[in-house]
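> Residue-level listing of the chains:
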Amino acid sequence: MNAFARPLVIEGEGLGFSYGNRQILQELDVRVGKAEILTIMGPSGCGKTTLLRLMVGLARPQSGSLKVLGEDYSRMDEDDMNRFRHRLGMCFQFGALLNSLPIYDNLALPLRERWKSPPESLVSLVVRSKLAMVGLLGTESLLPSELSGGMRKRAGLARALMLDPELLFFDEPTSGLDPVTAADLDRTVLELRRRLQTTMVVVTHDLASAWRISDRILVLLHGRIAVQGTREEIENCSDPEVQAFIQRESPARRQSLAGGFLDDYFEIESGT
Amino acid sequence: MTHGATVRQGAGPGEYSLEGTLDLEAALRLSREPLEGEFLRIDLGALQGFTGSGAAYLLDLIRRFGPHIRFTRVPADLVEYLRELPTPELVSAQPLDEALEEQPFIETAGSGWIEFVRSARFFLALALEFLYWAVLAPLRGQRLRLGRWITEVNRVGIDAIPIVGLISLLIGIILALNAASQLVNYGAEKFTADLVSIALARELSPVITAVLVAGRSGSAITAEIATMVVTEEMDALRVMGINPRAFIVVPKLLALTAALPVLGVLSVLVGIGGGFGIAVWVLNLPFDLYWNATVHALEMTDILLGVLKSIVFGALIGLTAATLGLRVTGGSSGVGKVTTTAVVTAFFLIIIFNTFFTYLFFALDF
Numbered sequence: 053m054n055a056f057a058r059p060l061v062i063e064g065e066g067l068g069f070s071y072g073n074r075q076i077l078q079e080l081d082v083r084v085g086k087a088e089i090l091t092i093m094g095p096s097g098c099g100k101t102t103l104l105r106l107m108v109g110l111a112r113p114q115s116g117s118l119k120v121l122g123e124d125y126s127r128m129d130e131d132d133m134n135r136f137r138h139r140l141g142m143c144f145q146f147g148a149l150l151n152s153l154p155i156y157d158n159l160a161l162p163l164r165e166r167w168k169s170p171p172e173s174l175v176s177l178v179v180r181s182k183l184a185m186v187g188l189l190g191t192e193s194l195l196p197s198e199l200s201g202g203m204r205k206r207a208g209l210a211r212a213l214m215l216d217p218e219l220l221f222f223d224e225p226t227s228g229l230d231p232v233t234a235a236d237l238d239r240t241v242l243e244l245r246r247r248l249q250t251t252m253v254v255v256t257h258d259l260a261s262a263w264r265i266s267d268r269i270l271v272l273l274h275g276r277i278a279v280q281g282t283r284e285e286i287e288n289c290s291d292p293e294v295q296a297f298i299q300r301e302s303p304a305r306r307q308s309l310a311g312g313f314l315d316d317y318f319e320i321e322s323g324t
Numbered sequence: 162m163t164h165g166a167t168v169r170q171g172a173g174p175g176e177y178s179l180e181g182t183l184d185l186e187a188a189l190r191l192s193r194e195p196l197e198g199e200f201l202r203i204d205l206g207a208l209q210g211f212t213g214s215g216a217a218y219l220l221d222l223i224r225r226f227g228p229h230i231r232f233t234r235v236p237a238d239l240v241e242y243l244r245e246l247p248t249p250e251l252v253s254a255q256p257l258d259e260a261l262e263e264q265p266f267i268e269t270a271g272s273g274w275i276e277f278v279r280s281a282r283f284f285l286a287l288a289l290e291f292l293y294w295a296v297l298a299p300l301r302g303q304r305l306r307l308g309r310w311i312t313e314v315n316r317v318g319i320d321a322i323p324i325v326g327l328i329s330l331l332i333g334i335i336l337a338l339n340a341a342s343q344l345v346n347y348g349a350e351k352f353t354a355d356l357v358s359i360a361l362a363r364e365l366s367p368v369i370t371a372v373l374v375a376g377r378s379g380s381a382i383t384a385e386i387a388t389m390v391v392t393e394e395m396d397a398l399r400v401m402g403i404n405p406r407a408f409i410v411v412p413k414l415l416a417l418t419a420a421l422p423v424l425g426v427l428s429v430l431v432g433i434g435g436g437f438g439i440a441v442w443v444l445n446l447p448f449d450l451y452w453n454a455t456v457h458a459l460e461m462t463d464i465l466l467g468v469l470k471s472i473v474f475g476a477l478i479g480l481t482a483a484t485l486g487l488r489v490t491g492g493s494s495g496v497g498k499v500t501t502t503a504v505v506t507a508f509f510l511i512i513i514f515n516t517f518f519t520y521l522f523f524a525l526d527f
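Protein chains in written order, with my numbering: chain A, 53 to 324; chain B, 162 to 527.
Don't take every hint at face value.
[Claimed, not checked] Estimated spans, in silico, between C-beta atoms of each pair:
no.	chain 1	residue 1	chain 2	residue 2	range
1	A	E198	B	L307	19 to 29 Å
2	A	S152	B	G492	13 to 23 Å
3	A	S152	B	L465	43 to 53 Å
4	B	I513	A	E293	51 to 61 Å
[To be verified] To give an idea of the chain A side of the interface with chain B (calculated C-beta under 7 Å), a few residues:
no.	residue
5	Y71
6	L104
7	V108
8	R112
9	G116
10	L118
11	N134
12	E165
13	W167
14	T233
15	A235
16	F318
These aren't lab readings, by the way, just hints derived from the structure by calculation.
Using N, Cα and C, we set each Cβ at its ideal position, and we do this for glycine too.
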């Protein structure tokens, strides 16, 4: 299926970004369609987090153009940006909850800032409904430091959902979670898309999770797109670096790869 | 279990066999560079066991010898273990000490200056933004976060009262004792009151209070802001459409600029009280004399100049803390580093500005 048959939510063309003289992203084109789940994968340092930060507007591209939800970031000042960001949500790797506030106030914050003193009865209703979505009802009065890492992450997701964003970003949503919780989170993501038609961009290392949730996967290598497409297209990609990356992330295949290498040097003891 | 494998020379050249346990100790003992044209055949048939580091050593040998090495009679469990590792990459990766390039001195020194200039620019921009939030924003009807401001005033102001009071009392005592012991030589000990009150109001109280608050709250604010940057809390605020400087930094700055003058005046009063006590009970100066001399010596200008200094010092402490905290890099060790730097920088700026003010007031004959 062609994802671009849907209206485009993110259109990036020729994106470039560097820190000092280290080129992080170069000449990168990225497009995301409405209600699509795009996963960005790649080894550490390939630029995937930077790409995510560009799309959220936490950093500005040094070259190329980027339109998100039809808005051109380069034409917006900080105030426009702050108003626009109410349409976005982001889940940070470690939750990024404000440590000085209890979970309830953490979740209420975007609502209170957006609508300036909304009625408290409404706030508490929305907060509880979002907490229920991520299975954290009852943690309202706890401080973030009293939650486990996985719970903090889910509370972060609940906070990102507070303003019902049209576009949701995830930075390593399943890292540090046990497989069952990770699968639960993936289910929540799919559920969100089904019910609310939310568009999502996920940066992850977790191949199993990526296969589960993505419509399309984009593999970044050295700041460029090595390949993008469905699971089959990625698996059948002939680029050796892409293959090496996929195999490194999936233990079953890693063995056969290392085996061939070792055979050049090792004669295995016979008769055992 | 024995430690370390024993190496035995085999029949032909370059033929060796290992016995015992292949562990890190053995690996360190066996490690060497290949000789010209050498081919190694290492028999592992007699190994009784291996550790993870010992197994990794075989990969190091493969790295060094390349195709000129072969291991024979390798135990199946050792192969099984190595198959779990991404061996091709481990072997092809450069050793870390070669991979890390040393930064040339000029570059290090230059980048230090560039960082300084950037920080200074950031500091000034933040100062302008603070002025906007403190003066213009309320006039334009943008709300100030009163709740957060009160919390911060409590933390930087109210909580600092005991320590500021105690130190000021002691400073007052020290001043009075020193002044009296010198002035008595000229029969001028009644001027102790003038010296204590004016020195406290114009110089010592603002500076001492600022130094105490910089050490107490400046460090705490830097660490808090820097930690929020490191844990992406600041980014999270931005993504929620909240300006982190307005939300986090401005209430702290406003609290510092409001609390410091009050603490400063308190310090003057307590310090004068300390001097008073010493003068009356230790130096046996008449109560009336000392009281009248103090009231006579201290003018409203002295107090106001001290208050003005305190406001500026409060802003300096807050701006330094915020600048360094917001510009933190390098995770938790970075937080420690900027916190120290913030306190030292604040002390330095307080003294510099105090000198400037004192000279200015002197020149203007205030």
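> Each hint needs a verdict: does it hold in this structure or not?
So, going through the hints one by one against the coordinates:
Remark: the range hint 19 to 29 Å for A/E198 to B/L307 is upheld by a beta-carbon distance near 28 Å. In this structure, A/S152 and B/G492 meet the distance hint of 13 to 23 Å, their C-beta atoms being roughly 20 Å apart. In this structure, A/S152 and B/L465 break the distance hint of 43 to 53 Å, their C-beta atoms being roughly 36 Å apart. At about 55 Å, the beta-carbon gap between B/I513 and A/E293 stays in the expected band of 51 to 61 Å.
Because the closest C-beta pair between A/Y71 and chain B is about 11 Å apart, greater than 7 Å, the hint is violated. For the restraint placing A/L104 at the interface with chain B, the shortest Cβ-Cβ distance is roughly 11 Å, beyond the 7 Å limit, so the hint is violated. With 7 Å as the threshold, the beta carbon of A/V108 comes within range of chain B, its nearest partner Cβ sitting at about 6 Å, so the hint holds. Annotation: interface hint on A/R112 violated; nearest CB of chain B at approximately 13 Å, more than 7 Å.
About 22 Å separates the beta-carbon of A/G116 from the nearest beta-carbon of chain B, more than 7 Å, and the hint is not met. At its closest, the beta carbon of A/L118 sits 16 Å from a beta carbon of chain B; the interface hint therefore is violated under the 7 Å criterion. For A/N134, the shortest C-beta to C-beta distance to chain B is roughly 4 Å, which falls under 7 Å, so the interface hint holds. Of the supplied interface hints, the one on A/E165 holds, with its beta-carbon coming within about 5 Å of a beta-carbon of chain B, less than 7 Å.
Restraint check, A/W167 versus chain B: the minimum CB separation of about 11 Å is more than 7 Å; hint violated. Restraint check, A/T233 versus chain B: the minimum CB separation of about 21 Å is more than 7 Å; hint violated. The criterion of a C-beta within 7 Å of any C-beta in chain B is not met by A/A235, whose closest approach is roughly 24 Å, and the hint is violated. Evaluation of the A/F318 hint against chain B yields a held restraint, the C-beta minimum of about 5 Å falling below 7 Å.
Checked against the numbered hints above, the structure breaks hints 3, 5, 6, 8, 9, 10, 13, 14, 15 and satisfies the rest.
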